[in-house]
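Chemist: Here is how the chains run, residue by residue.
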Amino acid sequence: MSEPTVDLEPRKLRSSLAPSDLIFRLVARGGGGLVLLITGGIGIFLAYQAKPTLQTYGWKFFTEQSWQPEANQIGVAAILFGTVVVATIAIAISFPLAVATALYITEWAPRGLKKSLVAVVDLMVAVPSIVYGLWGFFLLQPRVIHLSRWITDFFGWIPIFRVDTDPDAAVFDGATYASSAFIAGIVVAMMVMPIACAVMREVFDQTPAGEREAALALGSTSWGVVRAVVLPFGRGGIIGGTMLGLGRALGETIAVVMIVSPLFEINWHVLQSGSITISSMIALRYGEAQGSQLNALMAAGLVLFVITLIVNLIAGFVVARSRSGAGTEI
Amino acid sequence: MTTLLDEPVRRQLRIVDVEDRAGLVGSAVAGLSLTWVFYNRILPTEGTLGFIVCWWLSFTALYLLYTGLRRGRVVLTDRFAVLLAHSAAALVGIALTTVIGYTLIRGARALIHTNFFTQDLRTAGPLEPLSSGGALHALVGTLIQISIAIAITLPLGILCAVYLTEVGGRASRLVRSVVEAMTALPSIVAGLFAYVVLLIGFGMRLSGFVAAMAISVMMLPIIARSSEVVLRLVPSGLREASLALGATQWRTVWSVVLPTARPGLATALVLGTARGIGETSPVLLTAGFTTYLNLNPFSGPMVSLPLFTFKMSQSPEPNYISRAFGAAALLLVVVLLLFAFSRWMAGRGRSGSR
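Chains as they are written, first to last, in full-length UniProt numbering: chain A, 1 to 330; chain B, 1 to 354.
Bear in mind the hints are in silico, worked out from the structure with no lab data behind them.
Please note that a few of the clues may not be correct.
Stated by the list, open to error - Think about it this way: if two alpha-carbon atoms lie no more than 20 Å apart in a straight line, the pair counts; the simulated SDA-like pairs of lysine to any residue are:
#	chain 1	residue 1	chain 2	residue 2
1	B	K311	B	I94
2	B	K311	B	G125
3	B	K311	B	V82
4	B	K311	A	K115
5	A	K51	B	T97
6	A	K114	B	G125
7	A	K115	B	Y292
8	A	K60	A	A77
9	A	K115	B	L271
10	A	K114	B	V140
11	A	K60	A	P208
12	A	K114	B	D17
13	B	K311	B	G300
14	B	K311	B	L338
15	A	K114	A	P208
16	A	K114	B	L130
17	A	K115	B	I200
18	A	K60	A	R212
19	A	K114	B	I94
20	A	K51	A	Q293
21	A	K115	B	Y102
22	B	K311	B	I321
23	A	K114	B	W344
24	A	K60	A	L263
25	B	K311	A	E288
26	B	K311	B	P126
27	A	K114	B	G50
28	A	K115	B	G125
29	B	K311	B	S322
Just so you know, these numbers come straight off a predicted model, no measurement behind them.
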């Protein structure tokens, strides 16, 4: 008896698309392509426009402090420094507040209040930056300059807290303490705190109830649960949320324009008047820029964009890799 | 037998008794008195902020001392963490209240005059009282610009999201990554892009349309990305059921996927709009400034609420600053309404409440 011959070739499945589907796919692909063209076009256009500046100035573009196109001196050293300083201050202030508030909402807030607190944080994300700017300029600044003086008074021996003025002068010299990177940092902190807090809160909320209960059953206090279960579980969310806030802090424009007085040199004294960030520099200088000066602005914009892009990519990567982040969208 | 019928008693997880509460109140009062004596009477210190900080510090120290003596180290750490979390939340709450309250209160001076909503600023100079002139042109400009931006970004964004979730293919990964990357685009760079391309490249003039384009560039990735998230949440069982009934893919998307995701899409749109409506920096570069009511987005500068606020706040005149706060309060109210609307939409549909 011979083996029955078996045809091992799989059956071919063929489906033909209906005409309406063909059109649908075509239109959808077209839409996707158009969005790719617009969004990708910005990046390519920025790079293309920035090229002449980067070619002309080379590395000097990153080491030169002054921004004087008319004197042919263009560099982002001071501007980049100011951007990083303002963002660092903002994150230093907003990070503990965001973590503590997110923990409060998930762990300790009264149950009836929790939903409205979540809504309040989400609302804070939506408050326009100009409103924070007004608040910072008119309400916060006149009060914070006294805090600045106090810090200088007691911690002035630390170089970054020094201010080049006599803190014990007979007449309080408020203008020296106003318009500083410190005050801009506080305002930006207020702006990025809700973003970071919202991400962290969402991650903390996903902590498995079983692990929480296990910790409680072993006799831990509510802080013990947070330390042993919630924080390790939400580490990805904490890092990701902070990075997301950092990305926003680096790109913030209008609140910084309202607060700082532009100063194109590296100013280590964060409490002292004068600083500049990339975005506020663009907002201040676009009007008088033409030709190659616009290219220089585009180059600065490209530097800012690349930095925020890297920060956001890291944020997305960290959140997606973490245990908690699989289902989270930031 | 009776034990079986009894309701199970919930275990008390938090051990906070009357004495603890009394200790809390007592520490607060003791801290207040201590601070008052030292801060106001003995030490050469003054100022409200310093007083509150010192009060908080002495209150915390006393409370921790009390808890530590009574309960021991483990509970002490717990209470300290709880106290810090409560304090941080309170600080954030106070900050938000002052941000919104201060804007509304200072804005009220301008907002109580009806002419703020019915007139533009053509006749009102910096010294003109608040009873003449208003921000009608800025309000109208905001509405026109955001309408154009929505008309551009909504179809494109949803189409892109449909492409990413329903059609897919090899290129979709690239599109997704680029869209995701572009959500990081700083708004000022979006404005600079529109400024260089449309105003300098194509020789357009400062106008509402160019400003709307700048806002669109900023909003498009945001809306495309959040719509994609919403569409991905539509259960694939619904899609498969529709396809199994013989519907074409186009029918499935149009009659099943999109209606299911509608509340979520509305939320995505509203939040994107709230973001776009409040952005000053792209508009600053592209819209120009005017004191006249301009209904034509294609010719002449057209001011919007955030830009109006910014320009007015740069003036030293108190009346202009009041107008700035009025416009900011108006903007805030618009954003609040949008936000409340999005909450309401999200609460109605399943896919919206993620």
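Chemist: Determine for every hint whether it applies to the structure shown.
Modeler: These are the hints, each one checked on the structure:
no. : hint            : verdict
1   : K311/B - I94/B  : violated (28 Å)
2   : K311/B - G125/B : holds (13 Å)
3   : K311/B - V82/B  : violated (44 Å)
4   : K311/B - K115/A : violated (37 Å)
5   : K51/A - T97/B   : violated (46 Å)
6   : K114/A - G125/B : violated (48 Å)
7   : K115/A - Y292/B : violated (44 Å)
8   : K60/A - A77/A   : holds (9 Å)
9   : K115/A - L271/B : holds (18 Å)
10  : K114/A - V140/B : violated (37 Å)
11  : K60/A - P208/A  : violated (52 Å)
12  : K114/A - D17/B  : violated (23 Å)
13  : K311/B - G300/B : holds (18 Å)
14  : K311/B - L338/B : violated (24 Å)
15  : K114/A - P208/A : holds (18 Å)
16  : K114/A - L130/B : violated (41 Å)
17  : K115/A - I200/B : violated (49 Å)
18  : K60/A - R212/A  : violated (55 Å)
19  : K114/A - I94/B  : holds (17 Å)
20  : K51/A - Q293/A  : holds (12 Å)
21  : K115/A - Y102/B : violated (25 Å)
22  : K311/B - I321/B : holds (9 Å)
23  : K114/A - W344/B : holds (17 Å)
24  : K60/A - L263/A  : holds (19 Å)
25  : K311/B - E288/A : holds (18 Å)
26  : K311/B - P126/B : holds (12 Å)
27  : K114/A - G50/B  : violated (31 Å)
28  : K115/A - G125/B : violated (46 Å)
29  : K311/B - S322/B : holds (12 Å)
In the structure shown, a violation is registered for the earlier hints numbered 1, 3, 4, 5, 6, 7, 10, 11, 12, 14, 16, 17, 18, 21, 27, 28, in ascending order.
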